[in-house]
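**Q** Spelled out, the chains give:
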Amino acid sequence: MADKEMQKREASSPVETERTKSVKVFIPRVDICETQDAIVLLADMPGVDDKSVDITLEKNVLTLSGKVTPVAREGYRAAYAEYEAGDYERAFTLSDEIDRDRIEASVKDGVLKLTLPKAEPVKLRKISVKAS
Amino acid sequence: MFWPELGRYGRVWSPWREMERLQQDVNRLLAREGAPYAATFPAVNIWASDQDVIVEAEIPGIDPADLDITVAENILRLTGSRKPEELKPGEVSHRRERASGEFTRSFRLPYAVDSGKVEATYEKGVLTVRLPRAEADKPRKIAIKSQR
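Protein chains in written order, with this note's numbering: chain U, 1 to 132; chain G, 1001 to 1148.
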């Protein structure tokens, strides 16, 4: 037990932040597949539409967040509950080979689809050395 | 009716519910670690009033035509399938966390419903089924005749 406590704890990347609002946040489940010229990400976010989803790219961290407005069922009692409605959030670190300007996103039936096109290979630049 | 309504969902406290919650939390923790977890799909919430029952299910990304809802007295059955994303040649899958395949779930509703008046909507990946209580099953107030 003592050993474990002595060991350093690795920080998650990016560092976990806490929220100011007390709403449950869920991690959407994703499928990621790589095609010839793009990386396609699908995320299950039931309850989210194109207006309530927010995608940000800061440095190389892509953050998906979705807000869900829970439906108030007044006059009803919960007879059975398996899930809770809440927001979604998940972040991914992108490699440099993504063309940031051409990222496309769409939401259909609660599924977010992100297309991250691969950047053209950087052209080799030859640097000539001037003779002094 | 006389029980104190406790908890977020206004349920009566019960140790079994607590254990279920614990199980769900553990599943969620496992999901956080990226391990595939065999939770029931789709997840369902059932709301009830004296007049009708509302069944909500989170089923993102399906074609409503692939979903079958059948009602017989007080049994509701959801059957459907979610197609997996087909990989074309040359494509590589990096992560596969989303559930796919066929599913069937049956629920016993609190009372018999009028199957002719069931309404179902599918919006933003959430299925909502409203099932009105059968007329014959509705509670009736019986007037007491007094003879004086």
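Please note that the accuracy of each hint is not assured.
Unchecked claim - Which bits of chain U does chain G cover? Going by a derived footprint, with three or more residues having C-beta under 8 Å, they are:
#1 17-23
#2 40-51
#3 63-76
#4 107-115
No lab work stands behind these hints: they were computed from the structure.
Please read these numbers as outputs of a predicted model, since none were measured by experiment.
From the three backbone atoms N, C-alpha and C, an ideal C-beta is built for every residue, glycine too.
**Q** Each hint should be assessed against the structure and marked as holding or not.
**A** To see whether the hints hold, each was checked on the structure:
By the rule of at least three residues with a Cβ nearer than 8 Å to a Cβ of chain G, the coverage given for the region 17-23 of chain U is violated, with 0 such residues. By the rule of at least three residues with a Cβ nearer than 8 Å to a Cβ of chain G, the coverage given for the region 40-51 of chain U holds, with 7 such residues. Using a Cβ-Cβ cut-off of 8 Å, 4 residues of the region 63-76 of chain U lie near chain G, which meets the minimum of three, so the contact claim holds. Using a Cβ-Cβ cut-off of 8 Å, 4 residues of the region 107-115 of chain U lie near chain G, which meets the minimum of three, so the contact claim holds.
Of the numbered hints stated above, the single one contradicted by the structure is hint 1.
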